[in-house]
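**Student:** If you want the building blocks of each chain, they are given just below.
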Amino acid sequence: MTREVNVSEITEALAEMCIKANHFLSDDMKAALDKAAEKESSSLGRDILSQLQENLDIAGKDMIPICQDTGMAVVFLEIGQDVHLTGGNLEDAVNQGVRKGYTEGYLRKSVVNDPIIRENTGDNTPAVIHEKIVPGDKVRITLAPKGFGSENMSRIFMLKPAQGIEGVKTAILTAVKDAGPNACPPVVVGVGIGGDFEKCALLAKEALTRSTDGHSPLKHIKELEEEMLERINETGIGPGGLGGHTTALAVNINTYPTHIAGLPVAVNICCHVNRHVSLTI
Amino acid sequence: MEYRLNVPFSVDEIRDLKAGDKVFLSGTIYTARDAAHKRMDESLDKDGSLPFDIKGNVIYYMGPSPARPGKVIGSAGPTTASRMDKYTPRLLDLGLLGMIGKGKRSPEVHEAIVRNKAVYFASIGGAGALLSKCIKKSEVIAYDDLGTEAVRKLTVEDFPCIVVTDPEGNTLY
Chain A
1 MTREVNVSEI
11 TEALAEMCIK
21 ANHFLSDDMK
31 AALDKAAEKE
41 SSSLGRDILS
51 QLQENLDIAG
61 KDMIPICQDT
71 GMAVVFLEIG
81 QDVHLTGGNL
91 EDAVNQGVRK
101 GYTEGYLRKS
111 VVNDPIIREN
121 TGDNTPAVIH
131 EKIVPGDKVR
141 ITLAPKGFGS
151 ENMSRIFMLK
161 PAQGIEGVKT
171 AILTAVKDAG
181 PNACPPVVVG
191 VGIGGDFEKC
201 ALLAKEALTR
211 STDGHSPLKH
221 IKELEEEMLE
231 RINETGIGPG
241 GLGGHTTALA
251 VNINTYPTHI
261 AGLPVAVNIC
271 CHVNRHVSLT
281 I
Chain B
282 MEYRLNVPFS
292 VDEIRDLKAG
302 DKVFLSGTIY
312 TARDAAHKRM
322 DESLDKDGSL
332 PFDIKGNVIY
342 YMGPSPARPG
352 KVIGSAGPTT
362 ASRMDKYTPR
372 LLDLGLLGMI
382 GKGKRSPEVH
392 EAIVRNKAVY
402 FASIGGAGAL
412 LSKCIKKSEV
422 IAYDDLGTEA
432 VRKLTVEDFP
442 CIVVTDPEGN
452 TLY
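Here the protein sequences line up with chains A and B, keeping their order. Sequential numbering from 1 applies to the first sequence in my numbering. Sequential numbering from 282 applies to the second sequence in my numbering.
Just chain B, with the same shape it has in the complex (with noise of 0.2 Å):
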């Protein structure tokens, strides 16, 4: 099946999701990738606040390399999730819904997954360039002194990824 949705979502926009499925996403999602997600988790511990509201919302795993003068971004692929399983069942049992990253998931991630209803999709990985072109407004919204891990918020429209595992747990890979 082909689906258009728009993020944020709720539980119910994405229970008919399965693995397999392509998905085409329009609205904000949130960058955050290995040193902001230990960020996030340090404030989360201090006094459990998070750079943006978590709930409904999609965090792409992904650092970009710098816009040239005038555009948006530059190349914009996804990394491997893998490494921000340790992170990840605290930010899903906070409300975050959707992830988009590439690779396997930890037995720990499938877990708060399904007991979530959220969705794990992945993007092309070494397909940066053109996955670019789907960005249209970024901005840095915290921890700017990480550089290229910095939070962004991006404007995404049409952004092309694939359900690797549905709210019920089916996998793809």
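Extracted from the complex, chain A is given alone in its bound form (with noise of 0.2 Å):
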């Protein structure tokens, strides 16, 4: 049996995700900050993680976007195979969600219609679209606002299988190092390892919508998501880069096959406004 879905609920669906996310942290990203500012040695670390609270607050309470960049729509979608999407084509539906959201929520546009050209398309679309076909007979649609202070920061290394585990250490920690101040810490590092160029990019991306309070079911992965999150607030980047113990919230890690001649890292950088919100149709 297949499961009319109107397109229409899709467009809906996601002007009220992008408001939401752009002005409400998920509990997780909350939680973290707050147990950041608990265990945070340094006091400008600590007066730089309070003043991040307290933007938090104002945000909700007064419906001002947590950060000016808003950000680009990332939108993954999940579609179940025996869904049948009417009234209209689905790219055009998740972009008129965007625009809605964007123009109605005051929220930046910060889409430009050519990477040389560079002319601002004036109501943030096109969102980026990743369709995943599923069983089922569901929509689940994730959203993900995507700042470019540390999308600017975010890295793909090529490693070689010899370089193994220790090169993939090396890789992440790198990357967090170069990031520095410019990537508004703390930060959460989300990472792709396997697939081929462009798996190991969405991996990456992925990683970044799942919880900073859960860690992968694999226990190699888990040790190593434990053991970067440590290393990482071990450089003393710290809050705002100005110092301190608080540098990751957190290091999210998924893992795809690869080829036998492969070991590609995707090293994806999101600030601590690390917005995601999801909804099942």
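Hints in this document: simulated from the structure, not taken from any laboratory. Treat the hints with care, since some could be wrong.
Per the computed footprint, the stretches of chain B lying under chain A, defined by three or more beta-carbons under 8 Å from a beta-carbon of chain A, are [unchecked claim]: (1) 353–362; (2) 403–411; (3) 426–432.
Keep in mind it's a predicted model, so treat the numbers as computed, not measured. Cβ atoms here follow ideal geometry from the backbone N, Cα and C, with glycine treated the same way.
Combine the two chains into a complex, taking the hints into account.
**Tutor:** Pasting the structure below:
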């Protein structure tokens, strides 16, 4: 049996999600910031973390976006193979949702029409859309508005298999150290390991949408997440890059099988305004 | 140390600032980011003009989110300063004395800061809702077609910054 879903439902859902994600951080991110503020040993670092907490309160109370960079809208769609989409073109519906959310929600329009000509499209479209066909008759939407201060500091490393796990660790640390104060620490580090060139980048972005209070179900990857978080926080970059223990709030790593000749590693860095919301239709 | 400073300021007024000092700025500052810097650079090439008097002034690297009705401005935190590095030494040599942003600067900018006894401040990245409370007036004065990237004249009160690079070239990061 197929189930009909009108794409206008996706438009309406996304419009609301854009506004919600840019004003209210998810509970896991808030909890991670609160925990960091309690543990931070640098007084300037504590000062900055408490201002970030205050910023979150003001954003929600006065409906001012948490950060002025309300991001490029990254939209993940998991579409059940038993769903029949009706009412128009899916990608048009997604972009209409982004257009509506960013216009009605007083969010910043940060997208240019062409990377070279660079004229602002005026409505934050188009979104970056990733579609996946999955079993079932539901549509799951995840929206992750991505700021570019941190996006610009993200990296891909095509390692050799012989570099192994030590090479992976060095790659992650290199990306975070090079990002330093530019990426608005404390950051969340999304890592993709495996696949091919573009698959590992997508894994890294998907890893950023995972909750910051969980771990990979794979034992060796969970251990790698824990070790990397500890080592990143030993760099001393700290909140705002002004020194301290809290450089990252979480390291989330997703993996995929890869080729006998390769070990791709992507490090997608997100600032402390790591926005992600999901909804199932 | 903690200071309160009025903008515009003179070289003498910022001489004692040291990397790591907290400074609260009040007065008039101007916003400009990537696209506005490119336009200003082209304007200088063409006829030597700039959309505002740059002497003793401060540029805030910031593109706000839109103001809700009845509000002065939307979210208004700093953007990464290094993207403006290509254009900055020329502006410093013309009299710009302060910049507010976040992140590291190039060696060329560093030299130009020292040469002109200027200062580079950081404000807190990702605290745009909080920082917007210090902005009392906002007016687009140039390049309106650039949207969020237009040049804005802001009136600020006790806008919190940290000195990253002081006039002697000491750097916090």
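**Student:** Are the hints correct? Go through all of them and say.
**Tutor:** The hints, checked one at a time:
{"no.": "1", "hint": "353–362", "result": "holds (count 6)"}
{"no.": "2", "hint": "403–411", "result": "holds (count 8)"}
{"no.": "3", "hint": "426–432", "result": "holds (count 4)"}
This entry satisfies every hint, going by the numbered hints stated previously.
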